[in-house]
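Sequences are here, hints too, so could you generate the full structure?
These protein sequence lines map, in sequence, to chains S and Y.
Per this note's numbering: the first sequence = residues 1 to 406.
Per this note's numbering: the second sequence = residues 1 to 406.
Check each hint, because a few of them may be wrong.
To be verified - Distance windows between CB atoms, simulated:
id: 1; chain 1: Y; residue 1: 26; chain 2: S; residue 2: 133; range: 49 to 55 Å
id: 2; chain 1: S; residue 1: 271; chain 2: Y; residue 2: 190; range: 43 to 49 Å
id: 3; chain 1: S; residue 1: 224; chain 2: Y; residue 2: 309; range: 20 to 26 Å
Since the hints were made in silico from the structure, they are not lab data.
Ideal Cβ positions, reconstructed from N, Cα and C, are used throughout, including at glycine.
Protein chains: 2
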Amino acid sequence: MYAVRHSGTAHFADTSTPGPAASQLGMRRHNLALVLRIVATHTDLSRADVAARTGLTRAAVSSLVDELIAAELVREGPTASSGRAGRPGRTLTLNDSGPAGFGLEIGVGHLGACVVDLRGEVRVWRRVERANAHRDPADVLAALADLATEARTEAESSGLRPLSPMLSAPGLSGPGPAMLTHAPNLGWHDVPIATLWPGPDTPQLENEANLGALAELWTAHAPANFLHVSAEAGIGAALVIDGRLYSGSRGFAGELGHMPVHPDGPHCTCGSRGCLELYANQEAVLHAAGLPEPTATDPVTVLTEHARAGHPGALDAIERAGDALGIALAGAIGLFDPAAVILGGAYAELGAWLLPRIRRQLETRLTVRPFDVQTVTASPLGRRGPILGAALHTIREILRNPAALG
Amino acid sequence: MYAVRHSGTAHFADTSTPGPAASQLGMRRHNLALVLRIVATHTDLSRADVAARTGLTRAAVSSLVDELIAAELVREGPTASSGRAGRPGRTLTLNDSGPAGFGLEIGVGHLGACVVDLRGEVRVWRRVERANAHRDPADVLAALADLATEARTEAESSGLRPLSPMLSAPGLSGPGPAMLTHAPNLGWHDVPIATLWPGPDTPQLENEANLGALAELWTAHAPANFLHVSAEAGIGAALVIDGRLYSGSRGFAGELGHMPVHPDGPHCTCGSRGCLELYANQEAVLHAAGLPEPTATDPVTVLTEHARAGHPGALDAIERAGDALGIALAGAIGLFDPAAVILGGAYAELGAWLLPRIRRQLETRLTVRPFDVQTVTASPLGRRGPILGAALHTIREILRNPAALG
Chain S
1 MYAVRHSGTA
11 HFADTSTPGP
21 AASQLGMRRH
31 NLALVLRIVA
41 THTDLSRADV
51 AARTGLTRAA
61 VSSLVDELIA
71 AELVREGPTA
81 SSGRAGRPGR
91 TLTLNDSGPA
101 GFGLEIGVGH
111 LGACVVDLRG
121 EVRVWRRVER
131 ANAHRDPADV
141 LAALADLATE
151 ARTEAESSGL
161 RPLSPMLSAP
171 GLSGPGPAML
181 THAPNLGWHD
191 VPIATLWPGP
201 DTPQLENEAN
211 LGALAELWTA
221 HAPANFLHVS
231 AEAGIGAALV
241 IDGRLYSGSR
251 GFAGELGHMP
261 VHPDGPHCTC
271 GSRGCLELYA
281 NQEAVLHAAG
291 LPEPTATDPV
301 TVLTEHARAG
311 HPGALDAIER
321 AGDALGIALA
331 GAIGLFDPAA
341 VILGGAYAEL
351 GAWLLPRIRR
361 QLETRLTVRP
371 FDVQTVTASP
381 LGRRGPILGA
391 ALHTIREILR
401 NPAALG
Chain Y
1 MYAVRHSGTA
11 HFADTSTPGP
21 AASQLGMRRH
31 NLALVLRIVA
41 THTDLSRADV
51 AARTGLTRAA
61 VSSLVDELIA
71 AELVREGPTA
81 SSGRAGRPGR
91 TLTLNDSGPA
101 GFGLEIGVGH
111 LGACVVDLRG
121 EVRVWRRVER
131 ANAHRDPADV
141 LAALADLATE
151 ARTEAESSGL
161 RPLSPMLSAP
171 GLSGPGPAML
181 THAPNLGWHD
191 VPIATLWPGP
201 DTPQLENEAN
211 LGALAELWTA
221 HAPANFLHVS
231 AEAGIGAALV
241 IDGRLYSGSR
251 GFAGELGHMP
261 VHPDGPHCTC
271 GSRGCLELYA
281 NQEAVLHAAG
291 LPEPTATDPV
301 TVLTEHARAG
311 HPGALDAIER
321 AGDALGIALA
331 GAIGLFDPAA
341 VILGGAYAEL
351 GAWLLPRIRR
361 QLETRLTVRP
371 FDVQTVTASP
381 LGRRGPILGA
391 ALHTIREILR
401 NPAALG
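Okay, structure coming up:
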């Protein structure tokens with residue numbers, strides 16, 4: 001019932017076995033990442049500045065910087081304006097024309113490709129509207145591979161070198177690499193992405209809700225602990241803990257769509273009753289609004305247009321979705337105690353109408369441990385989150401462990 | 001909606017800044033903990049065996065072992081029966097008469113003190129039935145300090161050296177050290193434990209639900225990710241992630257008692273409606289069973305006795321509590337994807353009647369990502385969990401970071 005307010009760092013024992021014995025090689029790898037991280041998060045630093053900040057010797061820093069330059073991760077620019085005494089050094093910056101992150105996306109109604117440079121800037125952005133649901137996966141993947149080739153060519157013409165791509169898909173992957181086991185909104189099951197991919201550059205697969213959450217973390221200054229809730233055709237949630245996506249013991253964490261909101265409510269297709277999806281997914285909201293499922297137009301655009309025009313059915317339906325989300329989030333926030341809740345995807349676009357209802361539910365229901373409802377916000381990334389997350393993922397991996405680029 | 005099945009280790013980037021530059025001192029501390037951990041988790045190892053397991057040189061291991069022996073953490077016993085060629089070494093074991101963990105407990109109806117040796121064996125166990133609710137905190141703490149002195153004396157007579165104690169209390173602590181801010185079942189608010197403590201050995205304060213969860217982790221071979229749900233007067237939950245208690249962004253994680261189970265249900269004292277506590281806390285179950293709140297006897301004992309005798313009201317009430325717990329746990333398991341759910345405290349004693357109902361709810365409601373309901377179990381520790389967790393906590397801290405013992 002009562003958790004304890006910890007003073008910053010968790011003070012409980014880590015009962016896992018410590019890692020292997022520390023080694024010189026491990027130290028060098030650690031320090032390489034440290035130097036790269038410092039270069040990435042500061043401007044106008046010279047080698048001497050990096051030495052001062054890390055406590056490493058100038059010689060050690062120079063050797064590490066040389067390695068980072070050789071890997072095309074870092075560039076040495078003009079003289080630093082540090083204003084300090086002594087010979088001014090040259091500024092170190094992330095290389096904006098070296099290795100680059102590469103994201104691909106399959107949506108129900110579009111395909112996308114995106115290249116970001118090491119600084120996280122979007123350099124190539126391609127999106128094609130295309131109905132993919134219930135299409136032959138091989139055809140869809142062929143079209144995506146073409147789009148990927150175009151994006152790669154464009155990136156290379158700017159001197160970028162896109163790494164192996166990561167693919168965002170609205171489904172569940174595994175157990176093998178690049179196997180899309182369950183993507184109901186596409187009507188796909190057990191699609192072997194790796195086998196069907198026509199090009200040489202087989203993408204790594206990740207779920208769109210997870211990638212959307214990571215995009216928040218990487219671009220929008222989200223706190224280290226937050227809950228990301230998004231909706232495309234279904235409802236996706238992701239828990240970020242200490243700056244990392246928490247995937248659960250089986251990789252299933254973040255299931256919010258089938259949280260029982262009204263346990264004696266209507267039957268859900270999952271077999272349970274009163275699940276959040278019945279009140280707050282796209283189809284449910286369209287149905288409650290008395291609007292037909294659009295075939296040509298994007299359903300979220302239909303909803304936002306109706307809401308903006310003051311359509312009473314649409315407003316009612318969205319607000320009821322907000323109430324249901326608020327009830328589910330009251331439970332989730334109580335359990336998880338996030339520093340923020342970020343609405344992504346379609347929810348972000350409906351934020352103006354959803355947020356007041358969500359916040360009212362939370363104000364009423366979270367009283368024992370009050371929660372600042374203003375920390376529930378709509379993401380500025382909206383539906384661009386997952387593909388940005390896919391592209392950013394690979395470069396963040398490099399920043400974390402540059403030795404792996406080798 | 002769909003999380004991805006990860007292959008063992010999380011593969012997402014840690015976007016937090018890397019720690020300070022690795023140092024020789026840090027390496028030695030790391031390796032000291034590594035050697036201690038290996039001694040703690042194996043039997044019959046010699047210095048040479050430890051060297052083989054860690055990849056450290058024999059000289060390095062010997063120096064580390066000498067340091068651990070000097071700190072009274074490790075003992076060198078008879079010759080190891082490793083059966084390997086070469087001169088057999090002497091076996092290394094945790095010292096069972098050196099530093100010891102020391103747990104204290106304030107319950108609504110009792111006080112407790114417990115000393116465990118480095119191996120986690122209970123060496124001193126004292127429990128005094130005593131009505132503490134709405135008593136003067138200074139009087140209660142004076143009685144507890146007396147009990148603590150007796151326990152310490154008994155431990156010292158066996159050659160043990162109890163470390164500074166940790167106090168388990170049914171409440172919320174902080175922000176300062178040893179301030180019990182909110183313990184409604186004791187009727188206490190803002191009790192400055194550190195100021196009122198009459199002895200020299202001021203305990204560190206921790207919440208009983210968290211300590212109960214840690215006791216499971218440390219003694220009952222719980223998996224690295226689990227949810228612990230316990231009930232004394234209130235309902236307490238704790239999330240253990242990767243072998244560590246997850247405390248949330250403000251230290252409030254694990255609030256399950258006010259999860260909305262029937263959001264349009266009866267009003268709760270918290271201001272919300274249909275909270276789990278209204279169906280599943282001790283008072284609610286007694287009331288639903290038509291049993292008076294006992295004044296002399298322990299309420300859980302009253303309930304178990306009635307249930308065992310087939311009292312229909314008691315059975316109905318406990319089973320309704322099980323249904324409500326099952327609904328709340330369906331939401332919690334969906335979000336958090338634990339490898340197990342462990343019922344502790346009073347719930348453990350009522351497990352025979354609660355578990356079938358909880359499992360039935362989970363079977364019905366967790367179908368998208370099926371969950372093995374047999375992993376929901378009652379803890380064998382029952383209501384002994386929190387004080388064991390308190391005593392074990394300090395020794396686990398030492399095992400994690402022996403250098404801190406000084």
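Okay, the hints, checked on the actual structure:
At about 53 Å, the CB distance of residue 26 of chain Y to residue 133 of chain S agrees with the hint of 49 to 55 Å. In this structure, residue 271 of chain S and residue 190 of chain Y meet the distance hint of 43 to 49 Å, their C-beta atoms being roughly 48 Å apart. Between residue 224 of chain S and residue 309 of chain Y the beta carbon distance is about 52 Å. The supplied range of 20 to 26 Å is therefore violated.
Violation of the numbered hints given earlier is confined to hint 3; every other hint is satisfied by the structure.
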